[in-house]
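Asker: Sequence:
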Amino acid sequence: MCEDGRKSMRCGDTQGNKAQTGGESRKIFLVGIGPGAAGTMTAEALDAVRGSDCLIGAQRMLEAAGSERAEGTPVFCEYRADGILSYLREHPQFRSVAVLLSGDGGFYSGAKKLEDLLAEEADRYEVQRIPGISSIACLAARLGTSWEDGAVVSLHGQEGNFIQTIDRNKKTFLLLGGAGAGERMLRRLTEYGMDHVTVCIGRRLSYPDECIRCGHPGELSKADADGLCVVMVLNPRPNPAAGCHIRDEAFLRGNVPMTKEEVRAVSLAKLELTQDAVVYDIGAGTGSVSVEAAGCRDSIRVYAVEKKAEAVELLKQNRRRFRADGICIVEGEAPGALESLEAPTHVFIGGSSGNLREILSIVLEKNPDVRIVINAISLETLEEAVSAAKEGLLRDVQVTQVAAARSRELGRYHMMTGLNPVFIISAGGKEQPAGEKE
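Residue 89 in this note's numbering sits at position 97 of the sequence shown, with consecutive numbering throughout.
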């Protein structure tokens, strides 16, 4: 068997007696075997298994297909793409090889990485994908529902954000895997106040001991979601908001300063967020910018950096309030607090505590193409930003002043009350290709 699913080892005879060597390209089948039991394999998958000179896959896949392979067919226990490629290179006598993959090879599968590696040696390998039944399709069928109208998040072997996705959708499917993944899912649903959702957990689907449990997060135990599971979450009250902008009064504020909504709107527009953006919100305060940035897209990761204890507590409360689990709160002062963070693609600086140059230096060291937006209320901060531009720390600088006013009732009249004018300094970012520039 595979030791802890990590170390590969040969399982059975690796020599084989049916393969012939030759100069033609070798046939590699990427076979989706379905949820796991042999009974869920398609006829096409069975043909590939029975007709191949060698089978490769993780131990669970080899066991599932073991009864279908021809007698004497060698197997190799491995799931890592580079390990599989190395084995293929070392054993050219196998002209037809079936690589066994869980579920469907085109759905959150290791097939993509292996296929990319094999494509680099296209003259040697002819690759064919054989689709299988995904665990999500299997669970939906068991529950008598559709799956094309649900959002899908994979938490298999990785820490991922899913609360915001569930909050926005009536139906969400989660792929679980790895130690404690199910327990963390249930805990986070409770932590973010989502005990109103219904969670249906399918464990060991297609096997004789298949189990499906449904209930609210507080009614389910970690044992119900242990191991390889697929989950459907139904939200009877999904968040209907189509945009990311939130009114000031919706935030919990305390005595912590907050970037006003008019300034947030312009600042986020200047930030030019992209898919899978990694955002630093430095001097995050109540987290208004962090929440709206995370709300732009579920794939955006935001590091909210704040040194004041009261503000950190408000950050936690607002993250929970808006179910913005794409926010990671970093308690500390920049630039020191930035040292261990992944490289940013975008940086918003709402407060620098006099460390603007040092902050700019470290974020540019991490990513020279980072997009930077700075809010300055005082002329001194504006002067500091202009000086940083002269020193080459800010590229392609644009300064925008926002001076907004709001109406208020005064007797039977409405009067305008001005907000503090704010300078928004934007700079950097990746240059667009010539054909995409306006």
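Read the hints as simulated data drawn from the structure, not as lab findings.
Keep in mind that this is a model prediction, so the values were computed, not measured.
Treat the hints with care, as some may be off.
Claimed, not checked - In the SDA-like style, the derived pairs of lysine to any residue whose C-alpha atoms are separated by at most 25 Å in a straight line are: (1) K104 / L147; (2) K104 / K162; (3) K358 / P209; (4) K422 / E302; (5) K358 / E264; (6) K422 / S332; (7) K358 / S379; (8) K162 / Y184; (9) K104 / G64.
Asker: Indicate, hint by hint, whether the structure satisfies it.
Answerer: Do the hints match the structure? See the list:
1. For a cut-off of 25 Å, the pair hint linking K104 to L147 stands: about 17 Å separates their Cα positions.
2. The straight-line distance between the Cα atoms of K104 and K162 is roughly 30 Å, outside the 25 Å bound, and the hint therefore fails.
3. For the hint pairing K358 with P209, the CA-to-CA distance comes to about 40 Å; that exceeds 25 Å, so the pair is violated.
4. For the hint linking K422 to E302, the alpha-carbon distance of about 36 Å lies beyond 25 Å, and the restraint is violated.
5. Note on K358 and E264: the hinted pairing holds, with a Cα-Cα distance of about 19 Å set against a maximum of 25 Å.
6. Between the alpha carbons of K422 and S332 the distance comes to roughly 23 Å, so the proposed pair stays at or under 25 Å and holds.
7. Among the hinted pairs, K358 with S379 is consistent with the structure: their alpha-carbon atoms are about 21 Å apart, no more than 25 Å.
8. Taken as a hint, the K162 and Y184 pair is honoured in the structure, with Cα atoms around 17 Å apart against an allowance of 25 Å.
9. Straight-line distance between C-alpha atoms of K104 and G64 comes to about 29 Å, which puts the hinted pair past the 25 Å bound.
Violated hints, in rising order: 2, 3, 4 and 9; the structure is consistent with all others.
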